[in-house]
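In the order they appear, the protein sequences are chains P and C. Letter 126 of the first sequence, counting from 1, is numbered 125 in numbering that gives the first Met the number 0, and no numbers are missing. Letter 454 of the second sequence, counting from 1, is numbered 453 in numbering that gives the first Met the number 0, and no numbers are missing.
None of these hints come from the bench; they were simulated from the model. Treat the hints with care, as some may be off.
[As the list claims (entries may be wrong)] In silico SDA-like cross-links for lysine to any residue, where the CA-CA straight-line distance does not exceed 25 Å:
id, chain 1, residue 1, chain 2, residue 2
1, C, K615, P, P438
2, P, K22, P, E86
3, P, K488, C, S336
4, P, K569, C, T461
5, C, K616, P, K488
6, C, K327, P, D611
7, P, K524, C, D464
8, P, K569, C, L458
9, C, K590, P, P438
10, P, K327, C, S510
11, C, K524, P, E466
12, C, K517, C, L543
13, P, K619, C, D100
14, C, K498, P, E466
15, P, K569, C, L468
16, P, K596, C, N487
17, P, K465, C, Y523
18, C, K394, C, I406
19, C, K596, P, L458
20, P, K327, C, N395
21, C, K617, P, L335
22, P, K608, C, M320
23, C, K578, P, K524
24, P, K594, C, K616
25, C, K623, P, I452
26, P, K615, C, L468
27, C, K338, C, M320
28, P, K394, C, I624
29, C, K569, P, E466
30, C, K446, C, V324
31, C, K517, C, D464
32, C, K498, C, L458
33, P, K596, C, L468
This is what each chain is made of:
Protein chains: 2
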Amino acid sequence: MFEKLKRILIGKPLPNEAEKTEKYGVLWGLPILSSDAISSVAYAGQEILYVLLPAIGFLAFKEISVVTAAIIILLFILMLSYRQTIENYPNGGGAFIVAKDNLGVLAGIVAGAALSVDYILTVAVSISSGVDQIVTALEFLKPYKIALCLFLVLFLMIGNLRGIRESSRIFGIPAYAFMFSILVLIIAGYIKLRMGYVPPEPKVNYSPHPVTLVLLLKAFASGCTALTGIEAVSNAVPNFKDPATKHAKTVLLLLSLVILVLFGGTTLLATHYHIVPTEGAMLVLMAQEIFGKSFMYYVVAATTFIILVFAANTAFSGFPMLVAVMAKEEFVPRQLSLKGDKLSYSNGIIILALVSALLIVAFNGNVTALIGLYAVGVFISFTLSQSGMFVRWFKNKGSHWHIKAFINGFGALTTFVVVIIIAITKFREGAWIVVLLIPLLVFAMIKVKLHYIAVADQLRVTPADKELLDVDHNIYRNRVIVPIESLNKASIRALRFAKTISDNVIAFNVSINEEQAKKLQERYKMLNCSIPLVIRYSPYRKILEPLLEYIKSEEYNYQKGDMITVIIPKFTVQRWWQKILHNHTWLFIEKELLKHKHIVVSVMPLQLKDDDVVLKKKNKPLWKILEED
Amino acid sequence: MFEKLKRILIGKPLPNEAEKTEKYGVLWGLPILSSDAISSVAYAGQEILYVLLPAIGFLAFKEISVVTAAIIILLFILMLSYRQTIENYPNGGGAFIVAKDNLGVLAGIVAGAALSVDYILTVAVSISSGVDQIVTALEFLKPYKIALCLFLVLFLMIGNLRGIRESSRIFGIPAYAFMFSILVLIIAGYIKLRMGYVPPEPKVNYSPHPVTLVLLLKAFASGCTALTGIEAVSNAVPNFKDPATKHAKTVLLLLSLVILVLFGGTTLLATHYHIVPTEGAMLVLMAQEIFGKSFMYYVVAATTFIILVFAANTAFSGFPMLVAVMAKEEFVPRQLSLKGDKLSYSNGIIILALVSALLIVAFNGNVTALIGLYAVGVFISFTLSQSGMFVRWFKNKGSHWHIKAFINGFGALTTFVVVIIIAITKFREGAWIVVLLIPLLVFAMIKVKLHYIAVADQLRVTPADKELLDVDHNIYRNRVIVPIESLNKASIRALRFAKTISDNVIAFNVSINEEQAKKLQERYKMLNCSIPLVIRYSPYRKILEPLLEYIKSEEYNYQKGDMITVIIPKFTVQRWWQKILHNHTWLFIEKELLKHKHIVVSVMPLQLKDDDVVLKKKNKPLWKILEED
């Protein structure tokens with residue numbers, strides 16, 4: 000039944016050979032890789048206003064330009080720094096790899112943990128913000144906000160389990176549509192102002208504060224979310240057509256310019272239009288003032304919504320891939336590196352969906368609340384990645400390496416300062432969760448890795464093991480115990496099988512009282528079986544303990560090297576509901592026995608036929624069978 | 000961990016010998032067996048008013064006497080009828096046994112199903128009504144009604160799992176306390192009226208209806224819940240001191256008189272005091288009018304609450320016992336006849352708690368809503384039990400058997416008419432659920448019984464089976480397959496063991512691609528092992544299917560009678576979290592292979608040591624181990 004449901008939702012499984020990727024150039028590389036980065040335009044500017052407006056009121060519309068300018072400078076520092084990463088890692092330079100390569104395992108793990116947290120928040124923030132756009136434009140949907148968010152996460156999960164290929168060109172169209180609609184918004188906005196339009200003065204309730212550095216830094220920290228996703232290009236270098244490195248660098252430069260125009264343009268426009276984003280999403284409110292509730296208004300809302308969903312989707316391909324890389328290196332459970340039926344990393348996809356859905360519910364889909372957790376992780380991975388590049392130049396040198404090292408070093412230093420700023424100014428707004436979580440994840444990942452090392456150590460085949468294989472098998476005794484509950488076909492089959500694998504077999508029974516024991520003994524005698532029957536009493540109605548005690552007893556005379564096979568007779572029924580009708584003690588016994596050295600557990604099944612088939616043979620009406628029993 | 004929690008909640012396990020029952024005479028038999036029956040006084044009268052008041056307003060206080068009189072007549076018919084059951088079933092004459100004995104299996108099953116439903120409703124109704132008493136007296140508890148109900152169910156469940164002995168005399172005290180406090184209430188009430196007290200006229204909103212027969216029958220159906228639990232005495236005959244039958248009959252007579260006084264007295268008193276039980280529980284409201292909020296007021300509320308909880312508790316011993324009897328006769332899963340650590344039928348107790356808790360939540364702890372479902376089941380079992388007795392007289396005859404048959408026959412007829420009345424008048428108020436549920440349960444029970452018959456048929460040892468045991472084991476080939484994922488200590492141990500149980504062993508591997516296969520083959524060659532290695536490819540990353548295909552293939556040359564042992568190498572880890580780090584494909588493979596005839600599954604465990612122990616042996620700091628890997 001589960002299998003059927005899975006087929007309907009996920010579709011038919013794909014063979015390994017079905018894997019391939021479409022490569023792209025600049026034209027499609029830009030939109031495909033940019034959705035995460037450019038979609039942040041939808042919330043970054045608005046979040047700056049959220050910090051400033053309640054503190055300094057209308058002054059906010061002045062100070063926002065300072066903050067925006069700082070973020071755009073940071074953008075270009077990052078861009079220059081990452082261009083060098085692209086050049087040096089033509090196979091993809093994710094923070095995990097760059098940090099691990101150049102700074103050591105620990106740095107790699109930290110970057111991996113930070114990035115994982117970042118991906119999860121990308122989904123939570125993008126989906127929440129996307130739904131914000133929708134419910135701002137279509138107010139009647141407001142009560143269903145959380146339901147809409149969860150639906151979208153589910154939709155992305157199933158889509159990705161089915162194996163959406165992110166590299167497909169269709170995924171580029173929404174990014175271009177978004178860029179286009181926001182450009183139109185900015186241009187139309189300025190034209191309207193030039194034509195003498197005076198935006199209405201909104202009411203802002205605020206308790207006046209002086210403009211302090213702390214306030215500006217806090218706003219800056221919120222705005223830094225505009226830069227999340229910019230690293231996507233450097234991860235994806237191998238997906239570009241040749242010359243891949245060159246194409247990737249061009250795309251990164253173009254992407255930075257796009258962010259400059261869209262982010263700079265919209266935040267500046269907001270200062271002129273005095274947008275107060277408490278009533279809804281900033282871009283949609285702005286579109287309303289500029290276009291009224293016309294066609295273009297809905298275009299802005301729709302394209303913003305779609306680009307945000309696509310941004311969440313990039314996390315659905317990025318997170319499972321990152322986790323799979325870490326799983327191959329054994330920092331997380333190895334199963335996460337296994338591909339599902341559709342060749343997607345199903346486990347990673349499901350984990351991402353679950354955790355981000357949980358976050359959305361916990362924070363009630365509130366973008367501002369989620370923003371507090373965001374960006375810390377991203378900037379930690381930026382810092383580690385750039386530091387790694389910095390160290391790399393010192394090792395590898397090369398032409399002009401001093402300048403290149405300076406660029407990466409400066410990038411690392413700047414992003415490190417930003418990490419500190421965000422962690423401190425946003426600490427109480429949620430950054431503390433991430434600041435606590437990342438070390439915990441790192442600790443867990445180290446524990447996991449050490450476990451796998453310890454397991455590999457113990458599983459490694461030694462020369463002594465090889466010799467054991469050659470040894471004549473008379474050297475150890477093969478002994479068999481068949482626990483029987485009663486005398487039936489299943490137990491007789493097990494006894495018979497036992498005789499074929501060893502000459503040292505006993506049947507073992509646990510009785511509740513002597514009467515029951517006597518009955519069994521008598522029936523057993525009638526079998527004329529050469530296998531001795533051992534009976535033990537258990538006042539506590541247990542089976543396992545008496546068996547283990549018996550094995551340890553002098554009577555059994557267990558000797559070092561003896562191998563005991565416990566053959567459990569079992570019968571399997573035809574239908575699921577029939578399983579409920581039989582006890583499953585054997586499962587428990589198997590599990591417990593497997594904890595003991597030199598015990599092998601064999602399960603000997605007897606497949607029962609369907610009830611109807613058996614009862615039909617009796618050639619009697621059902622009520623008669625019932626009455627007679 | 001689960002084991003620890005269980006010990007704290009349930010206590011230490013008891014050996015079988017700990018079982019014994021205290022026997023009682025009339026003095027303690029009456030209160031111990033009466034709690035279910037007399038506690039219904041707390042809701043039966045009130046439920047009659049609930050039917051009448053909204054329809055006919057103050058006329059209700061007149062008509063209630065008619066309805067009460069009818070119920071009391073019914074009570075004495077039942078009493079006479081059940082006295083005969085006691086005499087004929089000194090070992091306990093539950094409806095299930097009496098019906099099965101005299102009317103056949105089907106009637107027994109129907110009675111069993113009806114009684115099961117009845118027990119579940121006893122818990123739901125008694126607990127809900129008990130909490131009603133409390134929240135009427137202590138209004139601030141009203142918002143926590145459902146939580147209180149669920150807490151009480153949990154409390155009874157744990158108490159019964161720990162093994163409360165119902166026959167203990169302490170269990171008699173609350174019943175006497177309740178009888179005493181209600182008697183005082185009735186007497187004080189009449190004295191107060193005699194002394195000239197005029198109760199205030201409450202406001203009753205109602206749309207006037209004529210007094211129709213249907214209305215009176217509906218009220219009668221609600222009031223019949225007063226008679227639930229009266230059968231308890233006939234079930235418990237063997238718990239009485241000798242002469243048991245005589246003692247039991249006396250107790251039944253006394254019990255009927257007690258109900259007559261308490262039920263008759265309180266409902267009549269309610270007519271004088273014009274109690275409108277919409278604001279709370281009738282008995283408590285009446286106590287308030289008679290005593291004011293004095294000490295006696297709280298005594299009435301407390302004793303009523305306690306007797307209702309005790310009534311629920313009788314279901315906690317009755318239901319598991321009934322279910323255990325049915326389990327021994329294999330109409331329900333046999334595990335329900337197994338006793339838990341404390342010699343109580345744990346599974347039955349847990350099921351009762353869960354289902355009744357669910358009912359309480361579903362019906363929001365509303366007694367009136369639950370009453371709709373109640374009584375149908377009880378009266379079905381009354382009818383079947385009395386009909387059984389009726390038929391019995393015709394078979395067994397004896398002195399004055401005509402009169403005795405007439406008494407039981409009349410009882411059966413009356414209760415049958417009541418079943419019809421309740422089922423029709425309460426159909427839309429919930430009786431339909433029970434009317435639907437009982438046939439479903441009966442159907443399920445027949446299916447279960449037939450399954451057990453079919454299983455027993457197939458497990459029965461035939462002479463042919465006995466011969467098989469004597470046969471020389473060269474007659475069938477014992478072949479072994481060891482599926483290996485890679486070459487490690489676990490797989491080598493499994494191969495070594497395989498050699499000791501058969502000369503026909505192969506190692507089997509499923510590779511995803513040729514490269515992987517080649518590597519394994521080379522490593523395997525170096526082992527110099529005489530066991531051949533078979534490799535198959537699986538494009539869909541599956542293991543089970545290629546193995547089964549291989550067994551069917553000509554290459555393997557499976558011949559009828561061959562027994563294939565599949566030895567699965569496995570390793571067990573020390574801590575629970577480490578389990579997450581390894582896949583559990585072997586469990587799935589074991590489960591699937593057991594569906595195939597002539598395949599025995601053996602699991603060969605390798606117990607891994609604790610990580611710390613292994614890593615310490617490396618004599619290196621942890622970070623170095625990490626970096627080197």
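Point to revise | Violated hints - listed by number, lowest first | key: 5, 9, 19, 20, 21, 22, 23, 26, 31, 32 and 33
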